[in-house]
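Undergrad: Sequence lines, in order, name chains A, B, C and D. At position 40 of the first sequence (counting the first as 1) the number is 40 in the numbering used here, and the numbers step up by one without a gap. At position 119 of the second sequence (counting the first as 1) the number is 119 in the numbering used here, and the numbers step up by one without a gap. At position 159 of the third sequence (counting the first as 1) the number is 159 in the numbering used here, and the numbers step up by one without a gap. At position 31 of the fourth sequence (counting the first as 1) the number is 31 in the numbering used here, and the numbers step up by one without a gap.
Be aware that a few hints might be false.
With a straight-line cut-off of 20 Å between C-alpha atoms, the simulated DMTMM-like cross-links for lysine to aspartate or glutamate are [to be verified]: (1) A:K185 x A:E153; (2) B:K2 x B:E153; (3) C:K185 x B:E240; (4) C:K236 x B:D234; (5) C:K244 x B:D234; (6) A:K75 x A:E36; (7) B:K236 x C:E65; (8) B:K97 x A:E36; (9) C:K244 x C:E160; (10) D:K61 x C:E303; (11) C:K244 x B:E240; (12) D:K6 x D:E303; (13) A:K29 x A:E65; (14) D:K61 x D:E124; (15) B:K185 x C:E91; (16) A:K185 x D:D24; (17) B:K244 x C:E153; (18) C:K294 x B:D189; (19) C:K289 x D:E124; (20) B:K6 x B:D188; (21) D:K244 x A:E293; (22) C:K147 x C:E124; (23) C:K236 x B:D186; (24) C:K97 x D:E124; (25) C:K75 x C:E91; (26) D:K244 x A:D186.
Keep in mind the hints are simulated off the structure, nothing from the lab. Given the structure is predicted, the values throughout are model-derived calculations rather than measurements.
4 protein chains.
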Amino acid sequence: MKTNLKLPLHGIIPPLITPLLDNDTLDIKGLERLIEHTISGGVHGIFILGTTGEFASISYKLRRELTERTCKLVKGRVPVLVGITDSAFTESLNLAKIAANCGADAVVLAPPYYFAASQPELLEYLQRIMTQMPLPLFLYNIPSHTKVMLAPETVKAAAEIPGIIGMKDSSSDLAYFKQVQYALKDRDDFTFMVGPEEFMAEFVLTGGHGGVNGGANLFPKLYVDLYEAAVKRDFKIIHELQQKVMQISSSIYNIGNYGSSYLKGLKCALSVRGICSDFMAEPFHRFNKPEREKIEAALNALELQ
Amino acid sequence: MKTNLKLPLHGIIPPLITPLLDNDTLDIKGLERLIEHTISGGVHGIFILGTTGEFASISYKLRRELTERTCKLVKGRVPVLVGITDSAFTESLNLAKIAANCGADAVVLAPPYYFAASQPELLEYLQRIMTQMPLPLFLYNIPSHTKVMLAPETVKAAAEIPGIIGMKDSSSDLAYFKQVQYALKDRDDFTFMVGPEEFMAEFVLTGGHGGVNGGANLFPKLYVDLYEAAVKRDFKIIHELQQKVMQISSSIYNIGNYGSSYLKGLKCALSVRGICSDFMAEPFHRFNKPEREKIEAALNALELQ
Amino acid sequence: MKTNLKLPLHGIIPPLITPLLDNDTLDIKGLERLIEHTISGGVHGIFILGTTGEFASISYKLRRELTERTCKLVKGRVPVLVGITDSAFTESLNLAKIAANCGADAVVLAPPYYFAASQPELLEYLQRIMTQMPLPLFLYNIPSHTKVMLAPETVKAAAEIPGIIGMKDSSSDLAYFKQVQYALKDRDDFTFMVGPEEFMAEFVLTGGHGGVNGGANLFPKLYVDLYEAAVKRDFKIIHELQQKVMQISSSIYNIGNYGSSYLKGLKCALSVRGICSDFMAEPFHRFNKPEREKIEAALNALELQ
Amino acid sequence: MKTNLKLPLHGIIPPLITPLLDNDTLDIKGLERLIEHTISGGVHGIFILGTTGEFASISYKLRRELTERTCKLVKGRVPVLVGITDSAFTESLNLAKIAANCGADAVVLAPPYYFAASQPELLEYLQRIMTQMPLPLFLYNIPSHTKVMLAPETVKAAAEIPGIIGMKDSSSDLAYFKQVQYALKDRDDFTFMVGPEEFMAEFVLTGGHGGVNGGANLFPKLYVDLYEAAVKRDFKIIHELQQKVMQISSSIYNIGNYGSSYLKGLKCALSVRGICSDFMAEPFHRFNKPEREKIEAALNALELQ
């Protein structure tokens with residue numbers, strides 16, 4: 001599989017939220033503003049249809065439209081990665097073909113998430129799907145949602161399959177991800193990206209390639225600067241920026257007692273800042289006024305522009 | 001919402017396996033044989049696109065085709081229930097509309113299964129989806145796959161929504177399901193169906209309406225007879241037939257160390273009996289020869305025709 | 001191992017709550033009243049130091065004292081079973097020796113609950129501990145607390161070890177327990193007792209031996225009568241009494257959003273009825289006034305004496 | 001509460017394995033060798049009766065003996081921390097008193113591990129136990145074993161209780177631990193120690209105080225050197241030593257399909273190196289010959305003395 005991507009990828013690749021007007025309508029203006037906002041903040045790529053993008057909650061029609069529009073809006077300025085995770089093999093391939101036709105650079109795939117497959121089943125699944133995959137692929141580990149962890153030995157075997165070029169880990173278990181990296185220590189072309197922004201800097205300091213951090217929707221420059229400080233090992237800047245990241249994590253992502261607080265807070269904050277709508281696809285619903293006021297206060301307290 | 005169904009439903013409604021030739025092709029002959037086999041065994045309804053039907057693993061095109069073909073093949077002889085569970089609200093509604101157009105009698109819906117919603121979010125989700133639902137709906141509780149339990153109070157509130165007419169519980173937690181039944185003790189029109197066949201008889205003995213039991217794909221008459229013995233409180237027959245059900249559970253559903261042993265064993269046994277193909281949709285794969293031989297031996301040992 | 005127990009055991013064996021005055025002091029008067037209350041209600045045995053007895057939260061000194069006092073107070077009127085579950089092998093044996101010295105009839109053992117052992121490790125653990133066990137032993141399955149399920153094949157192998165005479169299942173998964181029973185279908189001396197009272201009647205109707213039901217602390221006669229109705233297959237009485245049991249389950253065990261609501265409600269209700277103190281060992285704490293008032297109202301609504 | 005400890009603590013504090021001759025007998029010679037081995041390797045403290053020390057599996061008598069002997073053997077050369085985690089409040093306090101009498105410097109406490117308490121219950125539990133606590137206390141978060149996570153806000157509130165001086169996190173979730181650190185960002189006297197050795201260096205690089213790393217039983221100098229390299233931000237050394245740590249993690253801790261592989265491998269390796277017995281307390285059992293040979297090979301491949 002040929003690719004123009006320079007491997008491994010590096011930097012901050014925001015998992016784009018999906019701006020919505022209602023359950024089945026894109027907020028097109030919001031999408032455009034969000035893409036311009038993140039690219040002007042210096043992000044190194046754009047990842048649509050991830051968990052933060054509520055991929056599983058929106059229709060195929062909408063996933064197709066989002067893919068088309070994003071590729072057009074990005075216009076090749078940064079690589080576009082498209083999530084193709086699905087419980088159905090055929091639908092994942094359909095999405096991959098759409099992504100390829102739109103000119104996306106790579107796809108991202110988590111395990112099927114209704115049935116929890118065993119490790120041998122997962123490896124065989126990957127082997128089979130890669131025979132028809134039109135784009136390079138990143139593995140996506142997110143056991144909180146898929147009920148299954150990609151074992152280090154499964155990743156090691158999968159990395160031998162042509163076309164599998166990297167991995168995003170959202171397990172939040174850094175010991176696990178270090179084990180995966182160690183299992184692939186001879187593969188300097190393989191990209192390791194970490195989901196949780198709270199330790200993106202630590203991850204990059206010792207050889208990780210970057211972060212797929214939700215907060216980069218909101219403050220792309222902050223995460224890009226933190227990434228670059230980590231690359232330069234500038235601990236003064238790391239400390240300063242990491243405190244901001246932790247403040248975001250502690251004041252924007254944890255309002256209410258929802259498993260969905262992170263997503264709700266992030267979309268609400270983007271709406272407060274005038275970037276896009278905070279409508280959420282079912283089964284989630286946007287914050288009401290009292291929670292929105294907390295988000296407003298949290299944004300003011302951050303003193304970030 | 002009008003319905004011709006006589007509520008509550010009663011009896012054995014097999015969760016039909018989906019006969020497949022490959023990942024995206026129905027085994028049409030097998031489907032026909034399976035439907036005739038189950039209806040001639042006396043089942044009281046047919047439920048397609050449930051967990052046993054691998055609904056989440058097959059494409060939308062295939063789900064549509066299966067729905068159309070099943071309704072045509074059943075020709076109104078028994079009610080047809082169609083699973084519309086999906087992580088995307090819009091796709092669930094699309095499937096419901098297809099089911100309605102095909103003349104299905106009801107739909108069956110488990111919670112969205114990528115994001116685990118909270119109970120208030122689930123209730124609001126149900127309220128919203130029911131405003132556009134063209135058919136009566138059964139709730140489907142299967143926390144092992146959806147990561148969320150429908151709390152008794154959520155079911156109680158949901159049962160007030162017009163069009164929600166019953167529930168299938170596959171939690172295997174009978175204490176929980178008794179609590180749900182108690183919460184709805186004044187609703188004698190609400191149907192309670194239990195997934196695990198191992199205690200279907202117990203469930204029916206004290207007021208449950210029947211079972212959505214996978215084994216009824218294979219030996220429909222056995223489960224129908226057991227159901228009827230439970231209705232008649234004929235303990236001699238109950239004991240005798242329940243031993244057969246337990247023998248099936250212990251010799252057909254537990255080969256190998258797979259979470260998917262039940263599904264693999266069931267499909268393999270149907271293939272051994274010449275009813276339909278044992279092809280499984282990704283991420284699962286059919287049994288190989290050594291496991292198939294164990295299934296053959298188990299079927300012989302059952303001495304059921 | 002010799003035993004005077006008539007096997008299998010039958011009936012209602014309440015898992016006695018442990019009446020406490022403070023974290024390290026028995027409510028001796030309360031214990032006496034509770035034992036008289038349950039025995040006069042017709043229970044078929046007494047089980048101390050189970051989960052409902054807060055065994056894990058009280059000191060060894062107290063467990064010894066409770067065992068001594070209970071055996072003395074019961075005076076052989078019904079069998080006394082003593083929980084010896086512990087994370088430490090040696091302490092379980094120490095408790096078993098105390099139980100034997102006090103004249104208890106059997107002990108009850110769940111898997112060690114800090115480290116979750118694998119099935120072969122569990123079987124070997126049972127084989128080793130039985131070589132020194134002075135009393136017959138019931139297995140106790142409670143995966144919610146021990147993090148491990150006793151697999152049917154583990155129970156089947158364990159049942160071969162001399163001295164292991166039965167099992168109590170608190171998994172609430174009746175399909176599982178039916179599989180265990182089926183695996184041991186040739187062992188008519190092996191006792192099967194179910195924890196959740198919500199389906200004790202169903203369990204007894206098809207061959208289960210009885211219930212270790214928490215509510216029998218409070219209303220022993222209700223559970224004994226329900227058990228006997230199930231034995232006699234008197235469905236009218238079963239229905240009537242089961243409604244009471246469900247009312248208890250729905251109004252006494254679920255106040256507040258605590259994992260510990262069942263225990264708190266049960267102890268509070270015993271205190272309201274003047275039987276014993278509602279003090280709870282750390283890390284739990286008794287209900288405050290508003291919750292106690294709900295318990296009072298629930299007890300009144302039950303119309304049971 | 002007065003303490004001679006210089007707070008916050010820093011460095012490598014091995015969670016000492018407990019050398020055993022049988023289920024209830026210390027390997028006294030082994031213990032002495034192990035203590036000398038770790039202290040001569042430069043460790044900054046010794047932590048006995050943690051998870052790695054199989055605290056939950058050994059009797060109270062043995063826990064007392066181990067505490068006494070360890071304090072005597074260490075002779076104040078480094079601080080001694082004693083695990084007092086127990087499901088029973090009173091037994092935790094008994095252990096704390098023993099530790100204080102023996103001259104230990106601090107105690108370490110995870111939540112009660114049979115009943116999973118809610119966050120308010122946990123905070124109240126900590127408040128109550130601290131009123132009688134004779135030594136400073138470290139919180140210990142290990143949700144895999146206790147079934148409960150200490151929420152950042154619970155830790156923040158607990159840190160206000162006099163005597164609670166630090167925390168060890170073994171959740172392996174670095175995003176979580178960064179949130180705890182951020183919640184306590186104004187408390188520069190509060191110690192943060194991380195369990196998983198795979199990312200101890202990363203943790204120290206951005207402000208963590210050190211590691212309670214199992215591998216430091218085996219190769220104390222390796223972990224001390226890695227810690228010091230992290231303090232000095234010497235990335236060349238960090239990389240080199242971290243590769244060794246990952247090699248240990250990947251070749252010694254993961255033999256066989258046991259949840260207990262880490263513990264078994266660690267004890268086996270200590271035995272191979274002649275430091276102490278590899279006997280394991282129930283419900284675990286030492287490796288057999290084939291697995292021991294793998295450990296021998298892994299140790300040789302490490303090329304560490």
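Undergrad: Hint by hint, say whether it matches the structure.
TA: A quick look at each hint next to the structure:
no.	hint	result
1	A:K185 x A:E153	holds (13 Å)
2	B:K2 x B:E153	violated (26 Å)
3	C:K185 x B:E240	holds (13 Å)
4	C:K236 x B:D234	holds (16 Å)
5	C:K244 x B:D234	violated (26 Å)
6	A:K75 x A:E36	holds (11 Å)
7	B:K236 x C:E65	violated (47 Å)
8	B:K97 x A:E36	violated (38 Å)
9	C:K244 x C:E160	violated (39 Å)
10	D:K61 x C:E303	violated (50 Å)
11	C:K244 x B:E240	violated (31 Å)
12	D:K6 x D:E303	violated (35 Å)
13	A:K29 x A:E65	holds (14 Å)
14	D:K61 x D:E124	violated (29 Å)
15	B:K185 x C:E91	violated (47 Å)
16	A:K185 x D:D24	violated (43 Å)
17	B:K244 x C:E153	holds (19 Å)
18	C:K294 x B:D189	violated (31 Å)
19	C:K289 x D:E124	holds (18 Å)
20	B:K6 x B:D188	holds (12 Å)
21	D:K244 x A:E293	violated (50 Å)
22	C:K147 x C:E124	holds (18 Å)
23	C:K236 x B:D186	holds (18 Å)
24	C:K97 x D:E124	violated (35 Å)
25	C:K75 x C:E91	violated (26 Å)
26	D:K244 x A:D186	holds (15 Å)
The structure fails to meet hints 2, 5, 7, 8, 9, 10, 11, 12, 14, 15, 16, 18, 21, 24 and 25 from the earlier list, while all remaining hints are met.
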